[in-house]
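Chemist: Sequence:
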Amino acid sequence: MQLLHVDSAITGDQSVSRQLTARTVAAWQAAHPGTTVQYLDLAQQAPSHLSAQSLGFRTGQAAATEVERNENALSEALVSQFLASDVIVIGAPLYNFSIPSQLKAWIDRLAQAGRTFKYTDKGPVGLAGGKTVIVASTRGGVYSTSEGGQAMEHQESYLKVVFGFFGITDVRFVRAEGVAMGPDAKAAALASANVEISTHTSVAANQGRVSQAA
Numbered sequence: 001m002q003l004l005h006v007d008s009a010i011t012g013d014q015s016v017s018r019q020l021t022a023r024t025v026a027a028w029q030a031a032h033p034g035t036t037v038q039y040l041d042l043a044q045q046a047p048s049h050l051s052a053q054s055l056g057f058r059t060g061q062a063a064a065t066e067v068e069r070n071e072n073a074l075s076e077a078l079v080s081q082f083l084a085s086d087v088i089v090i091g092a093p094l095y096n097f098s099i100p101s102q103l104k105a106w107i108d109r110l111a112q113a114g115r116t117f118k119y120t121d122k123g124p125v126g127l128a129g130g131k132t133v134i135v136a137s138t139r140g141g142v143y144s145t146s147e148g149g150q151a152m153e154h155q156e157s158y159l160k161v162v163f164g165f166f167g168i169t170d171v172r173f174v175r176a177e178g179v180a181m182g183p184d185a186k187a188a189a190l191a192s193a194n195v196e197i198s199t200h201t202s203v204a205a206n207q208g209r210v211s212q213a214a
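The opening residue of the sequence shown carries number 1 in the UniProt record's numbering; numbering runs sequentially from there.
Treat the hints with caution; some may be incorrect.
Said to hold, decoys possible - The calculated lysine-lysine pairs, modelled on BS3-like cross-linking and capped at a C-alpha distance of 27 Å, are:
hint	residue 1	residue 2
1	Lys104	Lys118
2	Lys160	Lys186
3	Lys160	Lys122
4	Lys160	Lys104
5	Lys118	Lys160
As the list claims (entries may be wrong) - Ranges of calculated distance between the beta carbons of each label pair, as one might list FRET restraints:
hint	residue 1	residue 2	range
6	Leu74	Ser146	17 to 25 Å
7	Gly140	Ser80	19 to 27 Å
8	Gln45	Ala151	28 to 36 Å
It is worth saying that the hints were derived from the structure and are not from the lab.
Since this is a predicted model, take the numbers as computed values, not measurements.
The C-beta atom is built at its ideal place from N, Cα and C for all residues, glycine as well.
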């Protein structure tokens with residue numbers, strides 16, 4: 001089994017999401033011996049945002065410059081790495097009500113017609129099914145317990161939609177929210193997240209379900 005470990009927080013050792021992804025990967029390896037891990041740090045190796053030079057995989061046009069060839073090669077490497085993975089563990093802190101731009105840039109490279117989805121006469125169909133995605137979702141405040149908070153977050157909701165669009169139905173969330181609301185709130189959030197890590201890593205991959213955010 002191949003696991004892809006993706007971090008996107010820009011805060012280094014201070015990052016709660018990085019702590020949670022590390023614990024999640026370790027717990028998965030302990031529960032599923034033989035799992036091999038590849039690591040991608042998007043804060044250090046973020047792909048560039050989409051531009052006229054990087055749209056070759058969408059337009060179908062052959063690269064005409066060295067820049068375009070390099071951009072096409074990067075897009076191909078990222079989508080191939082993603083498609084080769086059985087389990088993807090993603091650190092996704094909440095930045096300004098959404099995900100880090102580095103994580104969005106990575107997802108934009110994965111969204112390739114004919115690779116992760118296709119259009120049919122009945123609408124889009126995901127092509128990357130059969131995978132498990134575990135998201136370490138971290139938030140300074142609390143968003144899950146009120147309608148107003150749920151309306152403000154475009155982090156977990158976006159990730160569920162985009163991976164569902166790719167055909168992935170087994171998306172699990174390890175959530176720590178309220179981590180900026182004082183030491184007691186942070187400790188409680190981490191304790192809750194650790195319970196979720198144990199729960200989500202003990203279940204076999206590719207169970208064909210979507211974990212709903214509370």
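Chemist: Look at each hint and say if it fits the structure.
Modeler: To see whether the hints hold, each was checked on the structure:
1. Lys104 to Lys118: 20 Å, holds
2. Lys160 to Lys186: 25 Å, holds
3. Lys160 to Lys122: Between Lys160 and Lys122 the Cα gap is close to 21 Å, so the pair holds against 27 Å.
4. Lys160 to Lys104: Holds, because 13 Å separates the two Cα atoms, which is no more than 27 Å.
5. Lys118 to Lys160: With Cα atoms ~18 Å apart, Lys118 and Lys160 stay inside 27 Å; holds.
6. Leu74 to Ser146: 17 to 25 Å: Violated: the Cβ-Cβ distance is about 40 Å, outside 17 to 25 Å.
7. Gly140 to Ser80: 19 to 27 Å: Cβ of Gly140 to Cβ of Ser80: about 35 Å, so the range 19 to 27 Å is violated.
8. Gln45 to Ala151: 28 to 36 Å: 33 Å, holds
Consistency note: the structure conflicts with the earlier hints numbered 6, 7.
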